[in-house]
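According to the numbering used here, the sequence shown holds residues 1 to 388 in order.
I should point out that these hints are in silico values taken from the structure, not numbers from a laboratory.
Hints are supplied without guarantee of correctness; some may be wrong.
SDA-like, lysine to any residue: derived pairs with alpha carbons at most 20 Å apart [what the hints assert, rightly or not]:
| id | residue 1 | residue 2 |
| --- | --- | --- |
| 1 | K25 | S36 |
| 2 | K110 | Q78 |
| 3 | K333 | G323 |
| 4 | K52 | V252 |
| 5 | K32 | G64 |
| 6 | K25 | P242 |
| 7 | K52 | K25 |
| 8 | K32 | P150 |
Owing to the predicted nature of the structure, the values given are computational and were not obtained by experimental measurement.
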Amino acid sequence: MRWLAWWYLLDRCWRWLVIRRFFAKHQPPAPKHWPSIDLIQPLTHGVFDLAKTLQQRLDLRYAGQLQHYWVIDQADNQTLAVCSALQKKHPEQHITIIQVAPDWGQRASKLVKLQAVLAQANSEIVWFVDDDVSLPLDGLSQGLPYLFQPQVGAIFGLACYVNWHNFPSALMSNFVNANALPSYIGLAALTEPYTITGHQFALQRSVFEQIGGLSGMYGRIDDDHELARRVQAHGLRNLQMPLIYQVDNYFVNLPAYFQQMQRWFTIPRVLMLPHLSQYDQFVTILSSLAQPIPTILALASMRQPKLRPWLVACLLAQLSLQGWQIRRYCQTKVPWWAWPLSIIGTLIDPLLMLWGLLGDDTIVWRGERIRLRHSASAQWLGKEQDHD
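Let the hints inform the model, and build the full structure from the sequences given.
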């Protein structure tokens with residue numbers, strides 16, 4: 001078992017090195033002309049502190065023209081009131097509010113909301129942002145130079161979760177902050193990114209239209225994966241850029257947290273991995289093999305106490321890596337009481353990952369039970385209590 005501990009410790013060291021190397025790269029030069037941007041923002045009822053998030057986007061600093069599109073459900077009067085109040089408060093901003101009728105359940109799907117905007121938007125850049133994401137004040141200016149690099153089709157960044165308001169939300173924030181940078185940057189060091197993190201991403205409109213945009217995706221819930229495949233099919237790259245954004249994702253209870261974890265591993269297993277090349281499948285699996293080692297050591301140490309120092313060493317290595325990257329790059333604070341949750345997450349998250357990877361193809365998403373199909377379509381099975 002000691003060799004497993006050494007493997008994990010070396011893996012943490014390697015990820016520390018690739019993260020340092022990733023952020024040490026020089027930013028590309030700014031474009032001579034700052035293009036116009038359509039900031040496309042699908043909004044859903046129930047998002048935690050939506051007014052604060054939208055206000056932050058209105059405060060973004062950008063030298064070019066910036067058009068805000070807020071897309072909401074037709075019957076969502078609460079979100080409409082928030083948007084209308086901000087629009088009235090900021091008449092100097094270019095804000096368009098679009099209401100969309102539901103296409104399944106009681107809400108419009110994200111894809112339908114995006115297509116409703118794209119029918120009107122006409123700026124040079126399409127930049128998609130989820131409703132719980134906060135970009136840095138200069139995030140648009142930081143990210144755009146990467147989009148104009150040779151052969152780049154789409155750009156996307158790295159998430160830092162910042163919701164600590166209750167136990168389930170803190171568990172999720174710890175999970176993402178412990179794994180996002182090491183996993184995505186580590187994988188990008190081994191292969192070209194084959195997917196897009198759907199929180200926020202951008203494309204040149206000409207490229208977006210060239211690859212077919214979102215056409216032919218109705219009924220799919222893997223639109224970000226499919227868009228990445230279309231980018232690569234046209235000989236272009238999906239570029240992971242060193243732009244860290246904050247996500248304020250609130251979970252009302254533990255079932256909502258468990259359902260999110262299951263979705264995050266079931267959807268890629270069913271809808272993404274089968275489409276990858278053999279090399280990409282190999283490096284994806286290889287880069288994930290060290291993840292469950294602390295859990296294995298914890299279980300083994302119940303019968304072999306001599307393994308406990310090795311378990312402690314692995315947990316300290318993970319805590320050190322997480323604390324360093326949050327302090328150095330995420331520029332956020334983690335409450336003192338949340339740090340023990342990182343240890344809990346390091347031990348139980350591999351079990352939740354295994355649940356998503358080995359379970360059936362059914363997920364719960366926005367209160368709906370959905371059975372995924374390998375064709376990327378989905379079968380809605382019925383309504384459950386909405387935990388999101």
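Starting from K32, check that the Cα of P150 is at most 20 Å away, please. holds (16 Å)
K333 paired with G323 [C-alpha distance capped at 20 Å]: holds (10 Å)
Below or equal to 20 Å on CA atoms is what counts here, so check K110 against Q78. Roughly 18 Å separates the two Cα atoms, so the pair holds.
Can the restraint linking K32 and G64 be considered satisfied, given a maximum Cα separation of 20 Å? Roughly 11 Å between the alpha carbons, so the hint for K32 and G64 holds.
Can the restraint linking K25 and S36 be considered satisfied, given a maximum Cα separation of 20 Å? violated (26 Å)
Taken at face value, is the distance from the CA of V252 to the CA of K52 at most 20 Å? holds (19 Å)
Hinted pair K25 and P242, Cα distance within 20 Å: holds (9 Å)
Is the straight-line distance between the alpha-carbon of K52 and that of K25 20 Å or less? Violated, at about 32 Å.
Hint violations for this structure: numbers 1 and 7, all remaining hints satisfied.
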